[in-house]
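Heads up: the protein sequence lines correspond to chains A and B, in order.
For the record, in the first sequence the residue sitting at position 384 is 384 according to UniProt numbering, with numbers rising by one throughout.
For the record, in the second sequence the residue sitting at position 849 is 849 according to UniProt numbering, with numbers rising by one throughout.
A hint or two may mislead.
[To be verified] Below, a list of computed lysine-lysine pairs in the DSS-like style, where the Cα atoms sit at most 30 Å apart: (1) A:Lys402 - B:Lys293; (2) B:Lys581 - A:Lys334; (3) A:Lys254 - B:Lys960; (4) B:Lys824 - A:Lys421; (5) B:Lys719 - A:Lys202.
Calculated directly from the structure, the hints in this document are not laboratory data.
Chain residues, written in single-letter form:
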Amino acid sequence: MRKLAITILFVFSVSIHTNAQQTPAQKQTKSILILNATAHLGNGKTIENSAIGFKDGKITMVSDSKTMQTSTLFDTTIDAKGKHVYPGFIIPNSTLGLVEIDAVKASDDESEIGIMNPNVRSIIAYNAASKVIETCRPNGVLIAQITPHGGRISGTSSIVQLDAWNWKDALIKVDDGIHLDFPSIASKSGSWFEPGNLTENKDYNKQIDEIRAFLSSAKAYLAEPTKERNIVLESTKGLFDATQTLFISANEQKQIIDAIQLAQESGIKKVVIVGGFEAYKVVDLLKKNQIGVFLKSVHEMPTKEDQDIDMPYKMAKILVDNGIVVGLENSGGKERMNTRNLPFLAGTCVAYGLDKELALQLITSNTAKLLGIDQQLGTLELGKDATLFISEGDALDMRTNKLTDAFIQGRKIDLESHQTKLYEKYKIKYNQQ
Amino acid sequence: MKKILLLFFFGLFIPEISAQDYFPNNESVQNKNNNYTAFINAKIYITPTQIIEKGTLLIQNGKVIATGTAVSIPKNCLTVNLEGKSIYPSFIDIYTSFGIEPLKKGSDTERNPLYDTKRTGYYWNESIRSEVNAYDSFKYDQSKSEELLKAGFGVVGSHVQDGIARGTGILVALNNDNKSKRLLSDKISNHFSFTKSVNTNQSYPTSLMGSMALLRQLYLDENWYKNGNATTTDLSLKALIDNEKLVKIFTTEDKLNSLRASKLGKEFGFDYVLKGSGNEFERIEEIKKTNLKFIIPINFPEAYDVSNPYQADRMELADLRFWNQAPTNLKVLSDNGIVFALTTDKLKKTEDFRANLLKAIKYGFDSTKALESLTTTPASLVGKGNEIGNLKVGSTANFLITSGAIFDEKTILFENWVQGNKYVVNDINAKDIRGNYDLTIDKDVFKWTISGEINKPKSELTANSKKVNSKLAISNNWISVIVNPKDSSKTNFTRLTGFVEDLKNLSGKAVLYNGKEVKWSALKTAPFKEEVDSTAFQKANVIIPITYPNIAYGNTQKLVQETLLFKNATVWTNEKDGILKDTDVLVKNGKIVTIGKNISDASAKIIDATGKHLTSGIIDEHSHIAISKGVNEAGHNSSAEVTIQDVVNSEDINIYRDLAGGVTISQLLHGSANPIGGRSAIVKWRWGLSAEEMLYKDQPKFIKFALGENVKQANWGIKDPTRFPQTRMGVEQVFTDYFQRAKEYDASWKDYNSNGKKGKTKAPRVDLELQTLVEILNQERFITCHSYVQSEILMMMNVAEKFNFRVNTFTHILEGYKVADNMKAHGVGASTFSDWWAYKFEVNDAIPYNGALLHNQGVVVAYNSDDAEMSRRLNQEAAKAVKYGNISEEEAWKFVTLNPAKLLHIDDKVGSVKVGKDADLVLWNNNPLSIYAKAEKTMIDGVVYFDIQKDEAQRLSITKERNELIGQLLQEKVKGTPLQEPNKKEKVEYNCDTLEQ
């Protein structure tokens with residue numbers, strides 16, 4: 001405990017002269033070996049007393065410390081006995097860096113007007129220096145899919161790492177996917193204070209037809225582009241040549257069924273369901289088509305009084321047990337600041353029956369897989385990015401999620417934030433009294 | 001027979017002409033009719049329980065002259081033989097808007113909230129419309145009156161259904177012939193509700209609790225005005241005083257609102273008559289305890305079309321269940337001895353009244369009670385028991401003539417007499433031509449079956465066993481039939497007509513398609529036989545048992561206290577003993593009795609808690625769940641007069657979910673829309689009990705205050721704000737101003753109490769708002785103050801110190817860490833979020849180390865939820881104090897248990913596991929601070945309100961019940977019952993910022 005305090009103080013004194021934003025880490029010139037920690041590989045396996053080494057931004061050793069090959073020499077060794085090593089957590093469907101303060105409209109860049117905006121790209125609005133971002137890293141969230149919201153087709157997302165000078169610098173994968181907000185089945189009546197009943201959305205089929213028409217005209221256009229360029233239709237190209245994923249927000253079972261049907265008939269190869277509140281009711285369909293799900297915050301409330309009170313908590317387990325690839329997302333109220341609670345969403349899934357290492361996959365390898373970055377990220381495996389961290393204890397539990405070191409592509413990142421600085425500042429105030 | 005026929009024509013063509021004696025008559029010579037009419041040989045219901053077989057009813061000039069079996073009939077009398085028929089008093093509906101145009105919604109052009117009234121000479125709040133008299137806007141509605149007459153009603157009460165105080169209602173007889181006699185009373189009732197006028201743009205009240213506070217203040221003001229204390233004229237108060245003897249009818253439209261209105265009325269000594277909604281059976285015990293009389297609608301929900309499983313899935317079990325149970329409401333009310341009148345209110349069509357009432361009777365409602373609830377009860381509710389609703393001598397001659405028992409499905413209502421004037425519903429002389437016939441038209445022969453109802457017979461015609469199209473109608477005993485005997489694709493119609501004389505042999509003239517006239521005759525071959533439908537279709541549905549509350553996870557019966565012995569638990573005492581391993585805890589009579597090793601108690605149920613953790617229940621210092629209709633009274637910048645205690649909603653599923661998260665006590669706070677909010681309610685989550693029973697006994701008084709962005713309406717999107725304050729500078733002034741006024745108010749009362757009573761000064765006006773603030777000044781009420789930034793925190797403490805009191809709790813207090821030393825010096829506690837920030841500008845400097853920094857400075861720190869979702873996981877939030885700031889686990893746990901108990905001044909009874917304290921305990925499967933922990937049992941006062949095993953069982957029964965109900969609904973679909981689309985009531989989950997429009 002004292003050690004940690006010293007470390008914090010040390011870090012503090014080093015960076016006391018910097019501004020509110022901490023400085024992105026420099027390129028890692030040394031090779032580093034983390035020794036004797038319990039390594040949670042993110043692929044379901046763990047290694048007690050592990051040896052995890054990396055060099056030039058890539059993982060070069062994943063081994064048991066007793067059986068490790070001593071031929072490889074590392075410049076630096078971190079003794080992490082009693083600690084835990086994890087691959088960096090990944091938050092998909094995130095608006096980090098697109099909004100700074102929820103209630104301040106001027107700071108909000110998350111949703112464009114219009115219905116079909118596949119050409120709208122989140123990455124150029126991504127503020128790498130957002131103060132919210134630096135509060136996510138100390139809890140282990142190191143990678144994010146920055147996603148536009150709003151409209152029917154909201155736009156194109158990109159994947160970033162969370163320690164960068166600017167958006168170019170942050171990029172892991174540009175324009176990875178297009179986001180479709182599937183029409184809702186029910187429409188609301190009444191005012192929001194005295195809501196009326198949720199009734200059938202009469203335009204549901206019409207709205208699906210609009211998407212169908214849009215996608216088929218995009219397909220037609222791409223087959224033989226007209227003289228006049230259509231940048232909207234053009235931007236959907238990746239959906240048809242499988243270089244981009246279509247992320248479809250759909251929660252109700254019928255929506256999910258219709259969404260999958262629509263994607264297939266439109267010739268879209270890669271689909272991920274986002275939200276998926278009732279995905280557990282259509283597991284066979286999802287499994288048959290190998291479609292994964294980014295589950296809406298598992299800390300949400302049941303949608304009905306008579307639903308199992310722990311339904312959201314246990315949904316991930318139901319899906320995983322049925323062989324579905326599941327990741328966790330947390331869009332909704334206060335979503336950006338709550339990003340740092342991503343590990344605890346996974347932890348809650350454990351409380352409701354999921355195996356701990358499988359739960360870890362919900363925020364690491366599964367997400368990487370669904371985002372198409374699993375060659376590079378999501379596990380502690382040879383050749384992958386050295387985007388990982390050391391925690392004093394179990395990182396899925398609040399009490400023990402305490403990071404001592406974190407690396408993004410080998411760079412040792414700062415775990416401070418303006419919040420830790422304020423903490424230190426006011427500790428000084430009270431120590432002086 | 002001839003006589004009746006004559007009378008029929010007489011009655012039809014010569015209506016009573018005479019108006020009032022003193023009215024000029026320019027239409028004819030004086031033609032006053034003083035004849036008697038005698039109805040003989042009828043079964044007469046003088047009252048629902050006073051019945052004469054084969055009796056005579058004698059009427060004259062619209063009054064009952066005599067009833068009995070030996071009535072001597074005067075000579076100038078028309079006699080009607082009603083052999084085999086029955087006479088009932090006509091029905092009365094005292095709750096209608098008959099003859100009154102609904103008010104149009106006020107213009108919405110003003111987007112900004114309006115605070116002051118635009119009226120002059122009336123009460124300050126435009127929803128107080130006690131000066132309104134329904135009579136002033138009344139216009140007799142002939143077509144509506146016929147709908148009501150057909151449904152059996154003879155008299156209705158009517159009022160303007162708008163506003164919180166709605167003014168007076170009238171009583172009208174549905175006499176379509178005589179204008180001058182119709183009005184029975186121009187002021188029969190005085191009406192109230194909780195719903196704002198549609199005719200106002202005034203902001204206040206924006207909430208149910210605001211409506212309740214407004215009514216309280218109104219009644220106080222009425223008294224004050226009555227005693228001559230006012231210097232101005234207030235027509236609303238004056239009207240209220242003038243009409244105070246009238247029956248007060250309160251429209252509640254909900255069971256819980258009925259309990260609320262009852263409580264409010266009793267505070268002022270009023271026994272309202274409550275206009276309910278049909279869900280009274282769900283809280284019948286409490287409804288019964290009100291000892292009030294009711295007016296009950298019978299608009300049972302239509303069955304849902306659940307044939308599409310995706311749609312049906314979305315329906316709440318509670319709504320499906322309500323459809324199933326609603327028809328039993330009248331039976332349940334009546335079984336519990338509750339006196340009530342029925343109303344046609346809320347019915348889609350007046351004609352549905354009979355069908356729905358018959359349904360209620362099918363579901364067990366006694367038919368004598370049914371008759372009472374339509375006659376004697378409504379009459380006596382409006383003080384007219386001696387005039388209407390019965391056929392005693394001297395009563396008004398309002399009565400129904402029926403073919404038999406009035407609530408028999410087969411019975412026909414023939415006539416509805418109002419004030420001695422006849423209204424024909426169905427022809428009493430109609431002959432029953434139903435049966436099988438051999439029909440001959442010219443030379444063609446057919447088989448003819450006439451079925452259906454006497455007045456609406458159906459025709460089936462066959463020729464050589466082939467169906468022939470035909471249509472039959474009967475009116476005044478004239479038959480008319482259209483037949484297409486040859487080829488239905490052609491328009492070769494034959495028309496039959498004939499007057500019914502011989503029921504065995506019908507005959508008449510036929511006009512063939514070519515215009516040729518021939519004779520037709522039909523010889524009866526068999527009498528009509530009613531088909532008795534004995535299939536499942538006719539059976540009443542199996543009724544789902546009620547639970548408390550009547551939603552999913554409700555309890556079928558009241559849960560009871562248990563004697564429980566927890567063995568070998570890890571006990572988090574929150575006392576100096578710290579965390580005890582392998583310890584036993586004995587719970588008896590709702591208290592913690594023993595804590596130690598190897599305890600035994602023969603009477604106790606033993607719970608093996610090996611490997612488990614036993615803690616005191618979580619206390620959420622800042623919650624907004626289980627509140628009805630509005631968490632903010634945002635209509636004024638101060639609303640100290642409102643109290644959440646008025647609006648606790650015992651039927652909220654979030655209560656159960658909180659229990660499942662280990663929460664036993666919450667402080668339900670007013671929102672933060674205004675600097676001085678409303679009073680709080682501290683509740684124990686006794687799931688299943690009534691709201692009153694959930695209130696913490698002898699609870700310390702609290703009020704919510706608020707600072708910053710919310711109270712200055714920073715994020716409300718108002719273009720041209722008119723409400724003070726709009727800055728933090730103004731916020732301070734609001735407090736200073738109100739406390740100054742409260743001080744002066746207190747002084748004026750003290751002065752009056754010592755000198756005034758001798759007659760020197762007039763009594764000050766009782767002001768509920770200032771009264772509450774005086775309690776703060778006198779340190780009888782504590783403030784929980786919503787706050788964020790350091791400047792406003794210091795300001796609030798300064799204001800309090802100036803007025804010699806202390807702020808009790810700062811809630812949210814995300815910049816508390818910046819002024820922890822000042823807070824410690826002031827003696828205020830902090831109830832904060834573990835890690836919230838970035839949602840608005842004023843939380844930009846919020847840090848998750850806030851709790852730790854404050855704690856380390858000696859401030860009492862609690863973590864709260866302000867959120868229905870998070871309140872289920874406050875144990876996880878407490879664990880964040882370990883993560884952010886290295887608080888020990890033992891201390892962190894107190895952040896959600898003992899510390900909030902201290903802040904609420906209830907730590908003498910709850911908040912720790914200590915002998916003698918309330919047995920509000922939670923058994924966890926793991927260290928409660930662990931993300932992996934689940935509550936297995938949550939108990940309050942030794943009653944287990946959440947049990948994880950019972951929960952499992954309930955899930956199974958929910959599924960079973962759903963399937964049963966879906967089956968019943970599908971049966972309705974097959975039957976062809978009118979259906980409605982599945983739908984789901986959406987619920988608002990409140991937090992501090994939730995505003996109502």
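Each hint, compared with the structure:
1. A:Lys402 - B:Lys293: Not OK: lysine 402 of chain A and lysine 293 of chain B at ~64 Å, beyond 30 Å, violated.
2. B:Lys581 - A:Lys334: Violated: lysine 581 of chain B and lysine 334 of chain A sit about 39 Å apart, past 30 Å.
3. A:Lys254 - B:Lys960: 23 Å, holds
4. B:Lys824 - A:Lys421: 23 Å, holds
5. B:Lys719 - A:Lys202: Violated: lysine 719 of chain B and lysine 202 of chain A sit about 35 Å apart, past 30 Å.
This entry does not satisfy hints 1, 2, 5, going by the numbered hints stated previously.
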